[in-house]
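Residue numbers (numbering that gives the first Met the number 0), protein chains in the order written: chain A, 0 to 499; chain B, 0 to 80; chain C, 0 to 146; chain D, 0 to 528.
If you're looking for bench data, these hints aren't it; they were derived computationally from the structure. Warning: the hint list may mix true and false statements.
Claimed, not checked - Cβ pair distances, simulated, as ranges: (1) B:V22 to D:E413: 33 to 41 Å; (2) D:G282 to A:L18: 53 to 61 Å; (3) D:R29 to B:G61: 35 to 43 Å; (4) B:R75 to C:H25: 20 to 28 Å; (5) C:V86 to B:V65: 32 to 40 Å; (6) D:G282 to A:Q214: 22 to 30 Å; (7) A:L18 to D:A43: 30 to 38 Å; (8) C:F11 to D:A43: 53 to 61 Å; (9) B:F11 to D:L201: 34 to 42 Å.
Unchecked claim - Stretches of chain C that chain D covers, calculated by requiring three or more beta carbons in the stretch to come under 8 Å of a beta carbon on chain D: (10) 55-66; (11) 118-132.
Positions of the beta carbon are idealized from the N, C-alpha and C atoms, including for glycine.
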Amino acid sequence: MPTVIHSSLPLWACLASLLAAPVIVLFGREPTLREATTFAAGLLKFGLVLAMLPWVLDGRTVEYTLIEGIGGIHAPIRFRVDGLGMLFALVASSLWIVTSLYAVGYMRGLHEHSQTRFFAFFAISLSATLGVAFAGNLLTLYLFYEMLSLSTWPLVTHHQDKEARSGGRTYLAYLVGTSIGFALPALIYTWVKTGGEISFGPEGILASTDIGPAQGMILLLAFVFGFSKAGLMPFHSWLPAAMVAPTPVSALLHAVAVVKVGVFCVIRVFTGVFGVDLLSRLGVATVISWIAGFTVLASSLIAMSQDNLKRRLAFSTIGQLAYIVLGVSLLSGHAVQGSMMHIAMHAFGKITLFFCAGAIFVATGRKYVSQLDGLGRRMPVTMAAFAIGALSVTGLPPTGGLLSKFYLVWGAAEAHQPALLAVYLISSVLNGVYFFPIIHRAFFRPPIDAGEDTPGTGCCAGEAPLACVVPLSITAVASVLLFFFPGLLYDLSALMTGGK
Amino acid sequence: MIVAFDIIILIFLVITAVISLRVRDLLGATMVLSIYSFLMCLLWAEMGAVDVAFTEAAVGAGVSTVFLIATIYHTRRHSSD
Amino acid sequence: MDLLNQYLIPHFNYWAYVILMMIGMHAMIVKNNLIKKLIGMSIFQTAIILFYVSIGVKEGADIPVLHHHAPEVAESHTPAADPHHAVDPDHYANPLPHVLMLTAIVVGVSTLGMALAISQSIYKDFDTLEENEILAKIKQGGPGIDV
Amino acid sequence: MSEQLPAILLVAPLFGALLIGVASPGDPRRAFPIVLLSLSISLAATVALLTKVVSSGPVDYFLGGWAEPLGIGIQLRVDGINALILVFIALIGLLTAIFSYRGPDDGEPTDKAPLFYILYLLLCVGLLGITITGDAFNVFVLVEIASLTSYGLVAMGSSPRGTLAAFNYIIMGTIGASFYLLGVGYLYMRTGALNMAQIHSLIALPEVAASQTILVAFLLILVGVWIKMAFFPLYGWLPNAYTYCPSGASGILAPLVTKVSVYVMIRVMLSVFGAGWVFQSAGWSQTVVWLAVIAILAGSFIALAQVELKKMLSYLIVAEVGYMVGGAWLANHWGMVGAIYHILADAAMTLCLFLAANIFVKHAGGGRIDRLEGLFRRMPVVAGAFVVGALSMIGVPPTGGFFSKWYLIRGGIEAGQWPFVAALILSSLVNAVLFFRIFEVAHFGRKPADGHHHHPPHADGEPSPEQQGTIGETTGSDRKPRLTAVAPLVAAAALVLLVGIFSGPIVEIIRGALQGMPHVGAAAPLIGR
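Could you put together the complete structure from these sequences and hints?
Here it is, written out as structure tokens:
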């Protein structure tokens with residue numbers, strides 16, 4: 000059975016939302032039509048991704064070359080869908096539909112300005128996310144990576160006020176700065192080293208070249224810090240700065256799309272560019288695992304001290320991303336598999352938390368943890384979903400988070416890294432430390448006086464508008480379902496680590 | 000091509016060039032420049048380049064001097080350096 | 000003494016053109032008055048033409064024009080001579096640099112003309128042709144200046 | 000007909016200029032169609048020439064049929080490298096001609112328009128001629144034609160600083176052209192030939208190659224061409240000239256004049272002296288690459304300090320020239336390919352940026368960057384094209400700018416010139432800061448920045464018309480920019496993307512031309528892979 004299928008499905012999956020953007024702008028004046036286009040594009044994209052699932056599940060890769068000789072000899076714009084790409088694409092496209100529903104509720108609830116621009120750029124950034132997921136070589140990956148940074152900038156600076164401007168500036172300075180400063184030279188160095196061959200294959204690009212440990216170390220560091228969307232410690236502060244964006248943006252992008260692209264690229268670098276066996280031979284991956292370990296602990300500690308709810312979630316995201324990077328850098332089969340599953344588990348868990356944060360803001364206008372006393376009575380559904388999300392992120396039984404963390408810990412033990420094993424356990428405890436006080440405060444503390452209720456509370460009994468509550472409950476239920484039916488995720492991630 | 004003749008004209012050329020640049024009255028400078036052009040034309044004729052010589056005479060001495068005088072007429076005659 | 004004979008005398012032309020060129024360039028850069036700069040420019044350009052012409056000079060050569068008294072033309076009337084090899088190059092100065100310099104002279108003059116027209120327009124705007132005064136006026140700004 | 004192509008593409012704009020002079024000295028409306036016709040003929044000729052070169056190799060054409068003996072007639076030679084540049088010159092010339100439809104300063108069609116177009120067409124003749132000619136002295140003549148017309152174009156603007164800038168441009172330009180003439184003189188003195196191919200074959204002889212005169216000739220030509228291309232220490236004339244010249248003029252001067260001078264440098268290095276001779280001692284390429292590094296850094300950082308938009312873009316041109324000179328002097332195959340490709344990419348993106356800048360400056364009333372507030376909302380199409388040009392300057396993938404950095408960095412790594420690679424990366428970062436500073440100003444504008452609670456709620460959230468009015472009352476004319484201004488801008492943006500997307504085929508043509516280039520000994524690595 001041919002292991003490679005040539006079909007233009009991955010191209011159309013990317014273009015689905017890109018083509019929707021101009022249509023959204025066209026329907027700028029009629030909001031209902033505009034929202035309908037967003038949903039239609041979301042469903043179409045999810046459908047196209049699902050269509051490729053059966054091929055990928057039985058071990059075959061879908062490849063498609065868009066422009067033959069764009070980058071010189073061997074660097075065309077090429078798509079290649081494998082297990083990892085499919086897993087990430089499924090997560091991103093499914094959550095886009097849910098987030099669009101949420102965004103409509105949120106934007107209407109707060110009467111946000113220039114919503115057309117918001118939805119148009121939202122669609123473009125999703126097409127960039129899928130572009131990265133399906134990238135067949137380093138050039139295409141870099142192309143869509145840059146496109147994502149640029150298309151998310153208008154979303155981050157949506158409010159167009161002072162903090163939005165400075166937040167946007169830090170956001171871009173870090174992302175564009177590190178990608179041009181580190182990733183581009185690393186990319187070209189790989190291109191030079193392999194004489195022009197930079198497409199991803201079963202084994203790493205550099206596997207066949209004579210790269211020494213010193214060069215390998217510098218190249219790996221350049222790649223990992225170049226893809227600073229993974230939020231490793233020295234280059235992480237763009238993520239809290241991006242919290243200035245409206246909640247749907249921070250929900251989908253900074254919990255699912257943008258950060259996961261960073262981590263996805265890091266995994267691509269480990270498995271696609273270097274190849275696990277080359278790295279273990281060079282022994283350079285341990286540096287990355289120490290950096291990731293430090294990031295996990297530091298971000299969990301900082302998260303505990305954050306009073307602003309969204310900033311606390313932001314630092315928790317940095318920690319969880321470092322989990323995934325740590326898992327990959329352990330180079331053991333189960334750890335890599337665990338990190339891939341954690342992409343999905345964390346995505347569903349964290350997006351629920353961000354949806355709840357947004358719903359609280361829409362319903363009560365409160366942003367700070369200290370103001371959340373007694374919210375459980377007023378907004379029972381939201382806070383219940385928040386609890387489930389918190390459980391999933393900390394990795395406790397009824398939610399999917401447990402499985403991926405279990406694999407990560409198993410991988411750490413397999414790789415004989417007791418110190419990193421300890422890091423995993425301690426940080427899970429720390430996750431609990433910064434989430435459970437919120438739940439406790441919401442359910443067991445008497446509510447502070449209703450006080451001033453900012454707009455958007457016009458609707459039912461204290462809960463956020465229906466369009467906000469429904470999505471967060473869907474994602475909460477999904478993270479629980481993932482605990483019971485992880486089969487799909489397990490198979491996809493096993494594909495990638497099957498060989499090693 | 001008489002070497003002695005050449006050397007004398009070249010020395011004169013250098014002298015007229017320096018004078019043309021040092022004199023402060025622009026009209027005077029233009030006159031010295033046209034002398035410079037005529038000397039140059041003489042030198043070239045003597046060196047065998049007859050066509051270049053009379054072109055330089057007609058164009059270098061003639062037209063440039065006319066242009067310069069027209070400009071001085073429209074602007075100012077005195078120059079500060 | 001051989002320095003004088005070997006370098007100075009036969010290359011006097013080339014020494015002269017370098018001196019003239021440097022005088023012209025010095026004026027172009029240092030002189031304050033725009034017209035003086037242009038005079039320096041024309042000296043600069045004529046010096047280069049002097050260099051080109053002195054490439055084509057030959058000891059005791061005639062001007063590169065075939066007139067009927069010339070030995071070759073006289074011989075060619077006799078049936079024996081082959082018309083194609085009539086001219087003996089050593090008798091004539093090399094005409095090619097001369098032809099090139101016709102263009103260079105014309106270029107020099109047109110550049111001078113363009114520059115003088117522009118300096119008149121500068122005079123109309125700034126009412127002076129001294130560079131330091133013009134720069135002072137620009138630094139003050141003023142409505143008409145930084146459109 | 001088809002073997003007269005090299006002559007047609009020169010003669011068409013020449014006759015166009017004469018026709019305008021005769022047909023319509025005062026009437027701008029009649030001048031415009033003549034300009035379009037002549038430039039489109041020459042564009043068609045260049046495209047046909049490109050296909051001919053691609054299919055059947057370099058094309059030689061002797062003016063007046065003086066084929067033998069070689070060196071009498073002026074030879075026009077078109078190979079892989081200049082065929083592409085010819086197409087770009089004709090195309091950019093056509094686009095800018097359409098852009099400057101309403102006379103030099105975009106005001107009411109004054110009687111200056113036909114004069115502007117005469118100079119404009121003669122400039123196109125000069126530029127096309129420089130690129131196509133195979134005769135060393137002929138390059139000087141055409142450089143002078145192009146320079147004289149560009150002096151005129153720069154001086155034609157309404158701003159007094161423009162005329163002063165033109166004066167400085169004349170002084171520097173004459174020094175540059177005269178040095179080139181002097182260099183050719185020394186070449187002629189030693190080799191006795193003016194035709195590039197002939198000189199090359201003579202320089203290939205060992206005793207000629209070792210002579211002092213050839214070395215002096217090369218240095219003089221190099222310095223002369225560096226002045227014309229505004230390479231770092233010799234760039235004094237460029238910023239003011241391109242900032243204060245009329246909008247139509249900056250559209251043709253900025254993208255082409257410096258790039259054509261870079262092409263002349265590369266043509267002289269490869270076809271006249273030969274890569275073997277030029278790179279015989281590594282010291283030269285090392286020093287010139289260091290000069291290029293200084294040029295890139297200085298150009299970028301001075302641009303960072305600028306307040307006026309067009310002046311900032313002019314300093315970026317100085318930095319881009321540093322890219323090309325550094326790339327050409329890396330003495331390896333990919334460096335040269337990157338330099339030649341960057342001539343095309345940089346021409347396209349500079350055109351796009353300058354056309355957009357001209358529209359912004361006119362409509363925002365004044366060239367200062369902080370006056371561009373809210374422009375993205377008022378002119379989305381122009382803003383979009385400006386963004387494409389800016390992304391290309393930063394080096395974001397699908398655009399041409401990225402791929403020229405792609406090859407230049409590769410050349411730099413292979414040649415081990417790490418400072419050059421670092422300078423390229425750093426200047427991309429500086430460009431990112433520069434352009435996002437402008438996006439921020441233009442994107443944010445004077446929207447009601449104090450939260451979004453109290454402004455009148457309406458379904459769509461677009462600021463209601465009366466709000467847009469508040470932004471529009473800046474001093475600049477509020478009318479939408481003309482279609483004849485926006486259409487070429489969009490085409491320029493498309494050109495930037497096309498250069499990027501089709502970088503593969505373009506590079507193949509360049510590499511084919513480099514393979515065919517006659518090279519000596521030490522150049523083996525240059526023509527290698």
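Verification of the hints:
1. The hinted window of 33 to 41 Å between V22 of chain B and E413 of chain D is violated, with their beta carbons roughly 59 Å apart.
2. Our hint of 53 to 61 Å for G282 of chain D and L18 of chain A holds, since their Cβ atoms are close to 55 Å apart.
3. Take R29 of chain D and G61 of chain B: their Cβ atoms lie about 36 Å apart, and the range 35 to 43 Å holds.
4. Hint check: R75 of chain B to H25 of chain C, Cβ distance near 23 Å, so the stated range 20 to 28 Å holds.
5. Our hint of 32 to 40 Å for V86 of chain C and V65 of chain B holds, since their Cβ atoms are close to 39 Å apart.
6. Against the hinted window of 22 to 30 Å, the Cβ-Cβ separation of G282 of chain D and Q214 of chain A comes to about 28 Å, which satisfies the hint.
7. For the pair L18 of chain A and A43 of chain D, the supplied restraint of 30 to 38 Å holds, since their beta-carbon distance comes to about 34 Å.
8. A hinted range of 53 to 61 Å for the beta carbons of F11 of chain C and A43 of chain D is consistent with their spacing of about 55 Å.
9. A hinted range of 34 to 42 Å for the beta carbons of F11 of chain B and L201 of chain D is consistent with their spacing of about 38 Å.
10. Using a Cβ-Cβ cut-off of 8 Å, 0 residues of the stretch 55-66 of chain C lie near chain D, which falls short of the minimum of three, so the contact claim is violated.
11. Residues of the stretch 118-132 of chain C lying with their CB closer than 8 Å to a CB of chain D number 5, which satisfies the three-residue condition for coverage.
Checked against the numbered hints listed earlier, the structure breaks hints 1 and 10; every other hint is satisfied.
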